[in-house]
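Protein chains: 2
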Amino acid sequence: MSTVKPNNDAEHFKRVRIVLVNTSHPGNIGGAARAMKNMGLVSLYLVAPKKFPDPEANWRAAGGEDLLDSVVVVDTLDEAIADCKLVIGTSARERRIPWPLLTPKECADQAVAESQVHDVAFVFGREDRGLTNEELHKCNAHVHIPANPAYSALNLATAVQVLCYEFRMSALAYERGGPVHFDDWDQPPADNKALEAYYEHLRQTLEALSFLEPGNPRQTMTRLRRLYNRIRLDDMELSILRGILTATNNYIYHTDNKIEALEKELASLRQQSDQKS
Amino acid sequence: MSTVKPNNDAEHFKRVRIVLVNTSHPGNIGGAARAMKNMGLVSLYLVAPKKFPDPEANWRAAGGEDLLDSVVVVDTLDEAIADCKLVIGTSARERRIPWPLLTPKECADQAVAESQVHDVAFVFGREDRGLTNEELHKCNAHVHIPANPAYSALNLATAVQVLCYEFRMSALAYERGGPVHFDDWDQPPADNKALEAYYEHLRQTLEALSFLEPGNPRQTMTRLRRLYNRIRLDDMELSILRGILTATNNYIYHTDNKIEALEKELASLRQQSDQKS
Chain A
1 MSTVKPNNDA EHFKRVRIVL VNTSHPGNIG GAARAMKNMG LVSLYLVAPK
51 KFPDPEANWR AAGGEDLLDS VVVVDTLDEA IADCKLVIGT SARERRIPWP
101 LLTPKECADQ AVAESQVHDV AFVFGREDRG LTNEELHKCN AHVHIPANPA
151 YSALNLATAV QVLCYEFRMS ALAYERGGPV HFDDWDQPPA DNKALEAYYE
201 HLRQTLEALS FLEPGNPRQT MTRLRRLYNR IRLDDMELSI LRGILTATNN
251 YIYHTDNKIE ALEKELASLR QQSDQKS
Chain B
1 MSTVKPNNDA EHFKRVRIVL VNTSHPGNIG GAARAMKNMG LVSLYLVAPK
51 KFPDPEANWR AAGGEDLLDS VVVVDTLDEA IADCKLVIGT SARERRIPWP
101 LLTPKECADQ AVAESQVHDV AFVFGREDRG LTNEELHKCN AHVHIPANPA
151 YSALNLATAV QVLCYEFRMS ALAYERGGPV HFDDWDQPPA DNKALEAYYE
201 HLRQTLEALS FLEPGNPRQT MTRLRRLYNR IRLDDMELSI LRGILTATNN
251 YIYHTDNKIE ALEKELASLR QQSDQKS
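Top line first, the protein sequences correspond to chains A and B.
Quick note on numbering: UniProt numbering labels position 103 of the first sequence as 103, and the sequence is numbered without any gaps.
Quick note on numbering: UniProt numbering labels position 76 of the second sequence as 76, and the sequence is numbered without any gaps.
These aren't lab readings, by the way, just hints derived from the structure by calculation.
Errors might be hidden in some of the hints.
No distinction is drawn between identical chains; accordingly, a pair holds when it is met within one copy or between any pair of copies.
[Stated by the list, open to error] Simulated pairs of lysine to any residue, SDA-like, Cα-Cα distance not exceeding 20 Å:
#: 1; residue 1: 138; residue 2: 98
#: 2; residue 1: 138; residue 2: 195
#: 3; residue 1: 14; residue 2: 146
#: 4; residue 1: 138; residue 2: 76
#: 5; residue 1: 85; residue 2: 197
#: 6; residue 1: 105; residue 2: 119
#: 7; residue 1: 85; residue 2: 227
Since this is a predicted model, take the numbers as computed values, not measurements.
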């Protein structure tokens, strides 16, 4: 099309990865690869696929086999998104605790804008059950394809097709100087690995303060995850928050030591005065 | 999705028909039916299909078999579009005589607008050769899916999926009188007074932890303000954050008291033992 000047060497086509979690049918992996290739995306991650590599994946990939050759297979979602700074998970259901929810178009515009500067992940769940809540809570935002409620069972490769298509449309609009909204910032955003480390530090600290009972911290930690995931923390903000936790832990440590020391001293003095009398 | 109110009884979902010309593989007919069902379209026309009905069509249709039961099979494209007042043909190639060429989005918007009042057809050609020039010249406009030039061979069912998806997005936006957008949340946003109280509580706590020197907390507090102001905290999130500060302050208060008490006791014991000796 004369109005469209696709540029598949553009960074954004390389910087957006498709992450498929626990895929059961290799045919869907192939279908996803073909959809990506059709739309110009190149980076495919598989988290603990049930059957891969598999001839059916290559067959379904049609012209997209090269994406299967360069696929990255990992054991956990954390590994697949560790270096990503925008993670968007596909969600079919409404959540008890609603997360920021994007339309496919909003998701694509955001991904195009941010993939100019850092890596972005679109995360897809299992054919039957989608993503777990724990997996969805690792995402900055969720995207929902508003299918026909009477039959909303989108095939996995179809869902990948729809988001890759929207991404391509936004990317082409961006290359034509189309509208894209992205605010400059003084600090780079924190990556997912650093965020996970913060959540663990936070949980330990809140337990040390007996704010969380080690038993069921779930709801509260989920709300805190939603809070900090949607804020898109930058590196300096994250280091301030880590610093506050460290200061808290140091305080706990030093006062505990001091109390222990005082109690020891007290005990030995009592002993001495008992012996004297 | 509570924000999306799809209305598949709306005229436009009934008035837009998908026309497949000379389809070779029954699997693609089934795939097209599933894509239509997913997106809420109901009217499928087949022009001289090579193999239909066929078990593979039903198998690929998954939940969309009902569309296959009500499918209309005709011999010529003319019959399939006779009563339509807007006919849009899919075109992969640029034409010697350029026709009005729409993007999928433009095609969907036009179809939604016109299907309020009359019938609309999206026409798809053969898997291998698409539509003939003669067939394309029966169309009011052409639509092109700008796929990756390096691999633009869209599967027929995929092309149907993309146009039905765009149609659904435009239809939902039309029904809502606006674009699909997320705006509901489970908690009301915190008001400014509550936020200011939080910042003060936070500042005092960070000074008690000697994380901030009472002298110049400026930079850090400013960054923390920016962080929590841009997140748009809701009431429950704010009460969790206040709860953490309260737990921290309680810890500081109790340990300080305990240390003070221990030191008193120690001092008096020392006095007593001095008097005895």
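Which hint numbers doesn't this structure obey? none
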